[in-house]
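Participant: Assembly of the complex is requested from the two constituent chains, each provided in isolation within its own frame, with the hints serving as guidance.
If you read the sequences in order, they're chains A and B.
Okay, so the first sequence: first residue is 68 according to the numbering used here, each after it adds one.
Okay, so the second sequence: first residue is 67 according to the numbering used here, each after it adds one.
If you are wondering where the hints come from, they were derived from the structure by calculation, not from laboratory data.
Careful, some of the hints might be misleading.
Taking lysine-lysine and the DSS-like style, the derived pairs with C-alpha atoms no more than 27 Å apart in a straight line are [claimed, not checked]:
| hint | chain 1 | residue 1 | chain 2 | residue 2 |
| --- | --- | --- | --- | --- |
| 1 | B | K257 | B | K145 |
| 2 | B | K98 | A | K507 |
| 3 | A | K404 | A | K471 |
| 4 | B | K147 | B | K180 |
| 5 | B | K98 | A | K399 |
| 6 | A | K507 | B | K147 |
| 7 | A | K471 | B | K267 |
| 8 | A | K471 | A | K399 |
| 9 | A | K539 | A | K345 |
| 10 | A | K543 | B | K219 |
| 11 | A | K515 | B | K219 |
| 12 | A | K509 | A | K520 |
A few chain B residues that face chain A, going by a derived Cβ cut-off under 8 Å, partial list only [to be verified]:
| hint | residue |
| --- | --- |
| 13 | R99 |
| 14 | I118 |
| 15 | P165 |
| 16 | S269 |
Note that the structure is a prediction, hence the values are computed from the model and not measured.
Backbone N, C-alpha and C define an ideal beta-carbon position, used for all residues, glycine too.
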Amino acid sequence: MKHLALLKSYLGFHLIPRLSNIVPESCLLIVVGLLVGGLIKLARENVPPVLDSQLFFLCLLPPIILDAGYFLPIRPFMENLGTILMFAVVGTLWNAFFVGGLLFALCQIPQAGLDIGLLPCLLFGSIISAVDPVAVLAVFEEIHINELLHILVFGESLLNDAVTVVLYHLFEEFSEVGSVTVLDGFLGVISFFIVALGGVLVGAIYGFLAAFTSRFTSHTRVIEPLFVFVYSYMAYLSAEMFHLSGIMALIACGAVMRPYVEANISHKSHTTIKYFLKMWSSVSETLIFIFLGVATVEGHHRWNWIFVTATVILCLVARVIGVGGLTYVINKFRIVKLTTKDQFIIAYGGLRGAIAFSLGFLLNKSFEMREIFLAAIITVIFFTVFVQGMTIKPLVELLAVKKKQEAKRSINEEIHTQFLDHLLTGIEDICGHYGHHHWKDKLNRFNKKYVKKFLIAGERSKEPQLIAFYHKMEMKQAIQLVESGGGSKLPSAMPSTVSMQNIQPKHQPAPPKPTERVLPQLPKSREEEIRKILRTNLQRTRQRLHSYNRHTLVVDPDENAFKDLILKKQKMIELDRKIKEMTMYLTVPAPHQGSPTMSRARLASGRNTDFIPAQQQKGNTKSSDPQAYNIKPASDAMPVIQVDLASPQSPDSVNLLDEIGKADQEEEQGLMMKPPPGLSGSDKHGERIVVNPTDNVSVPSE
Amino acid sequence: MGTLQSSPAPTEYCDLSEKTGFSFEQIAVLHKRFKQLSHDEDVLRRDHFSEIPDLASNPIRAEIIEAFFDQRNFSKNGKGKVEEIGFEEFLVVMSHFRPPSQHMTNEQRENVRKEKLRFLFNMHDTDNDGTITLEEYRHVVEELLSRSGALEKETAKSIADAAMLEVASISVGHMEPNEFYEGITFDHFLKLLAGFEIDSKMSIRFLNMDTITLCK
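Okay, chain B solo, but in the shape it has when bound (with noise of 0.2 Å):
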């Protein structure tokens, strides 16, 4: 435990201790971070992640940043967008990054697994309206492929149009030639991902993060 600066009283770090599962020691440590990054105010903006030096050379910077912003990452029922975010949003983000505890019934699993795949499923449907058209596929093959110096814009439509016909293909499985796939809604995303271990995948270890101060 180390020393706290003017911060949350601890009861505050209860309650978000109980929302988000962090244990306190990794809640302060965040906490730092937080007014690291955000100068010691109290909300962060989009400019306070662009500041950032490690995340200048992410393809997906854009769709990272976007994810702290968007409502719909901090609870249930939001939507829309917002300008900035205090702590208790930031550690609600984070959240969906814990790695799975160990002592957890196959439902709390199951939760846990819809949570994560619903924010990448976030962080793909850029316009909020429940399904992952072909468009934003595609926009998301092209990002990939857009630090590779070599972008070739067809390629990156056909690999889009083959996932997109493959996810049709495993959910929808039988369409006539005149119907028209909408796009791939959360269900069928689930249904994607079913093999692909999420939950142990999309994790990042909390435990030691001592090493804050050495970088900016």
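With the rest of the complex left out, here is chain A (with noise of 0.2 Å):
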């Protein structure tokens, strides 16, 4: 049966792609449990209760609650907790008590025909008065509003929980009861700090233990997601069973642990989680949406035109009032102004779902207003779906609501962010006034100092923000590398030809006239710059390498004298030739022209490309150049050239006044097998020495 389902909705939906982009997913789901309930009752007399409140928040309501926990991202929440909170709390209650009341005061017409209660009214009230977070889910999935509003139907979506269940319970009681006291309502209230914060509270506890086990587990490492789900179930079972707001546990559980289960855990239990937070959650979605169909035809219900009505007008009513007014009272304490369309789309996205029904399904089976309540609620939760759902669409787009910007966090953001976190809590302390930022950088320092060395395993534990940052792109990227065929160019986000050569800072000395004989002096700490920067540059280096040659970083800052330096030369060039002639073929990585994403691969590596200075392999201290030919065999993965010694791209031959001239053109080059342009002939007046382990060695006259 639920088999049947599912593949129903998945095919109709996805056969019919124009239907999607009218109708969200969910209204669809409702419609085809419509169908199968009617199928059923068609069939047989009995419509099993499929919707069983246990199974609803047992089973289907936590795999969505802890997707939504887990995945939460915590500084748009954190930022906006005050206005989620208004809105969780004095907007729900602002609702219940304002349908409640409204309808008892309908009740109390005579002509309506009703004979309701307050409490019960009250009761009804709490109910229908949650934003349910599974429908908003739903729906605004598909909308993609800028990151701000959906935070805040989300967020107050989550906490509104805490008043729910409340509010339930005491409702609840207090219609058996009859009658209120004072007291009563006292204790309500203190009842409400003690369900949300001690739901929160054992989240936490479930949470930081979920942290702490996974900092053990590096040799289990399948067990991981294991643990990561049975925790947080655990957590919304404690909390259930002690009347206390699940879901608020569940939130805080997978928002707590997850920071410090990520540094632990391995990559693959990583995607694991993430890839079963999802199936469950979206399976658990789809049965709640059929389920809600067949329960409408099941029965149960008695139908009462005027209270129905009421209801639908009320919910509205109360959400567009209670929106507005709390808007007016957080804008004066907030940075970034709610304007009247974010107000809109916050009023306009308050849907009711499975959860308002569900509860009134657990009302006691003797409650004499149960079916009336039952046919009401299914009605609003139909109206907001359905008639709320598809219309927000085209509403979004209408009212050109900011959409949600899909680019990719950059480094420099990154960097930024945290510059700006420091600035703006230097700034706060030089004001002497305590404030957010204050606050927030005191509980990061804590978490740094002592919870991360306590719940992290290893190095990580002391591994900063931004490091993390960067190597999670670089992991990214690495990926993407290896993904599209390790040589070709990366479909990158900055198509550009900009490479890490054009950034370093230049240190070409000038080009010299011809006349010239003095080659230009480098400082030392220009010098240690240059050989920095060239071993990091692997590819860009060999070609660099010729107007840097390697001779001329060892430029002795002592030394002022020409003819010293080209002795100098001299006799590293015989001892270069020993040497050669022992190795006589070069790895040589093909250079791939114009591909800014390799080298910004290779960058990213974040390994240090340290030459090995053949010399210095050999033992021999005289040269002090880290620069030499003998690339680390990291670059197995490039083809491998050749390079014949007799050629002038020759690390050995050395123009010493042909270099600057030639960069230009043989970086256009690369290295390549050519044939030596003019290997004896050269314009200018000069030393050129040119090694040819199979030619003697020519040296100039001078």
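Facilitator: What follows is the structure in structure tokens.
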């Protein structure tokens, strides 16, 4: 039965793409549920009560909430926490009392034909007032509004669970008893705090436990995802057991454990967790909506026109007034104010869903109003999901609400986010104002100093956030590199020909005029810098070497004489030649022209691509130049070409005066086998030393 | 409105208020803080800032303090650094962190954005030459990582290099292999942080500052 339903829904949904643009998935699923329920009713007399509250609250709801909590974007959530809490707590209370109170007033009118007491009305109000996270998720996921609105509505739907739980239990108890005293009201308020804070506390405890456990799982990587799921579910069950807010426990657990668990677990486990959560929450969502449809057909409701229409209208009105009033107050405290457009979307996004239905279903069967309530609840759910769900997308377009920015998190933004955090904290300290940033900074430092050491295994506990972010980026790029075949041009987000070479500080000495013989001196610090830059710049170095030949880098700042320089070079070339005779072949990776992503990827690999100088290998201490021609086998993947030492591109060919001029030409070509352009001929009169193991060493005559 | 100690007459506050956009209450409160920091003198010096205990653990403390003494932040054409500042300069620097008011035209909003980004730019560009070179950017990254305890110079350099590459790619797009990207100019900086929403991120609530008396 269930399989059939699922299959049908997916087939139908995906085979009719146009339909999916107009109608959100949740609506279609409900329709499918209706059909299935109708079929069952035709086939048999009794429709099995599929949307059993037990099943719903214990099996169907937790995966969705865990998925939401684990991947909750913490930063925007915390930044807007005040606003979210206002909407969740005060907004829901307002909704509940407004709807309940006015319905009671309605019932007083004898023409209505209804006779419902105040407390049952308030109970109904509390059931119907809560914005439902499942419905919000389902609808908002498809409309891609900007992050702020999304987190406001979504956060509200998550946090109002505490209010709903308290009000529901309170009014249910009071309905049985029949009367309320002030003391009861006061106790109700206290119980709200206990439920909310208790739920968060339980969740946080389990979250820390999970993080602590994950510290030791380095030998059993396979069961790492299991810990995440088990601890979260236990948090939920524990909270529900004590009548605390299970949803808040689950959110707290997921949000608390995530940074530490992610630092500890393997990459594969992380992928597993992500996809399992998405899968489970998808399945749950689908089932919930289908069962909602089935349950509608099932019966057990009594239709009362006045009650139902009044409910629908009152819900809408209450929501609009509530959001408007609260925003007026909230805007006084916000830096980024909420505009009217924002308010409209927030109000319009107040969807009710299956939680309301299940709570109604949970009501005692002997409760006489139950069936009227159920009918009204279902109507409101249908109205919000169908009407509001379908029209919100065109409305968003119409009102030109800001959409989600698909911008990739760039390293510059990360650097500046951190920079700004520290800057603002500093300014607050200077002002003497213990504000937002001050406490956030204190919490971060506490986290870094104690908590991380305790919960994260090994070296990663000390890793600052910027480096972690950078490593993540590197990983992504490395994976991309491998996936794209390793050699071809990556479809990078920044198609440009800018490469590392372009940004390195230029240390090129001024191109010497032909008559000039003096090689410009490089100050020591620049020299050091050049060395470091070149060391990290594998590819371009080969070409650069012709301009920054290692011999030029060996410039001893003390030496001023050009001749001494030449002598030194000669000596080194002799040594080199001897070494070269032993290593006849150079393995040089073929340069990939114009692929900035390649060099960026190489750079991003973070490895120290150090040259091991041939001379140093042989224990030659004469040469202090770390630059040499043996490249690490890290470049194994690259095609290997052999460079004939006789070619002028040979590193041994030194043309002191020509090198600058050649640099431009050679950098275009890279290292290729080419007939030496005028090996013996050179326009410049000058020292041109060519080393060729096959020929005699031609030493210029001075 | 609290009681004002021996302080400039309200007419001076008028000028300051117009210049910086703070309200009278805010100016009064900031003035109290100024006096507290400077030990009742008329000018602030660098060592006064070093006395703030909370600031000691801030990784970019040096840059922040320097920003207060940087003449480029006082007026559009200022250059160079000063050794001591008066209350007006203090206020001008603080005004860079005012939250944007709700009723502003788009042009005003743009100006506010530019000012804040200019402030950030000046903080990075320590040698006043109008560009952020690779070396300066590296310095920024190193400072940010300096408090982590695990100062890996190589990684810091790679991060800065990658960031610089990103800037160059965004701003200039296509460069020949032997062209050289001098450094981030102010225009490139603007382009880089275009989507950053700096006007809301770089603000401090100057609303309730009576907590001043609590801390040193």
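Participant: Which of the numbered hints are not met once you compare them with the structure shown?
Facilitator: 6
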